[in-house]
Amino acid sequence: MRLTSRGKFLLVVGVFVAPVVAAYLAYAGWRPSAHSNYGDLLNVTPLQQTAGQTPDGHAFDLGELRGKWVMVRVGPGHCDAACAWQLYLMRQTRIAQGKEQSRIERLWVLTDTAPPDTAVLAAHPGLHVWRPASPAFAAQFPAPQGSATAHIYLIDPLGNLMMRFPSHVDAKGMMKDLRLLLKASQIG
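According to UniProt numbering, the sequence shown is numbered sequentially starting from 1.
Bear in mind the hints are in silico, worked out from the structure with no lab data behind them.
Result set (SDA-like, lysine to any residue): computed pairs, CA atoms no more than 20 Å apart in a straight line:
| hint | residue 1 | residue 2 |
| --- | --- | --- |
| 1 | K176 | M162 |
| 2 | K172 | E100 |
| 3 | K99 | L127 |
| 4 | K68 | G98 |
| 5 | K68 | V44 |
| 6 | K68 | N160 |
| 7 | K68 | Q48 |
| 8 | K176 | S102 |
| 9 | K99 | A184 |
| 10 | K176 | Y38 |
| 11 | K99 | D156 |
| 12 | K68 | L89 |
| 13 | K68 | L158 |
| 14 | K172 | R103 |
| 15 | K183 | I95 |
| 16 | K68 | V129 |
| 17 | K68 | S102 |
| 18 | K68 | S185 |
| 19 | K68 | L181 |
| 20 | K183 | Y38 |
| 21 | K68 | G52 |
| 22 | K68 | T50 |
| 23 | K68 | G159 |
| 24 | K183 | E100 |
| 25 | K172 | L182 |
| 26 | K99 | L89 |
| 27 | K183 | P157 |
| 28 | K172 | C83 |
| 29 | K183 | D156 |
| 30 | K172 | Y88 |
| 31 | K68 | M175 |
| 32 | K68 | K176 |
| 33 | K172 | Q97 |
Construct the entire structure; sequences and hints are all you get.
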């Protein structure tokens, strides 16, 4: 089949116009429906009242973790089986990020005056354990059933609470979300 000069012209115009039209459609709001986050995106809110201290009494402000993604566990100093599992998942998820793991920190926010178990701390080197100066700090972590201890949260490098993972968290889903955030993020 031979193309006429008009057909050749339309083919050349189509080759140059098609990418422009596709880019416009993508920019104007068309998104593939197959992609979704595993964790629940929260209204991005900067955390307030970030002063506190470590269990050994040293002053520590969460502002020192700025520039890093922070996985957070909120709960009492006594670490039950659910707490141990969350800390384990946070550690393993960070390690699974490979060379990007230095961009991630782990934080256990203590909600009571009980000291954390030394055996648990020994099993999680690099874990930041912190008790806020204000008891109202823990109220900033929303939970569907009202218990923030059932969830792992994520703070972005700017200090904003931005994601909550389900109470019975799937490690692969959490790793995938974190990997995508690290890939897309220009900060932290």
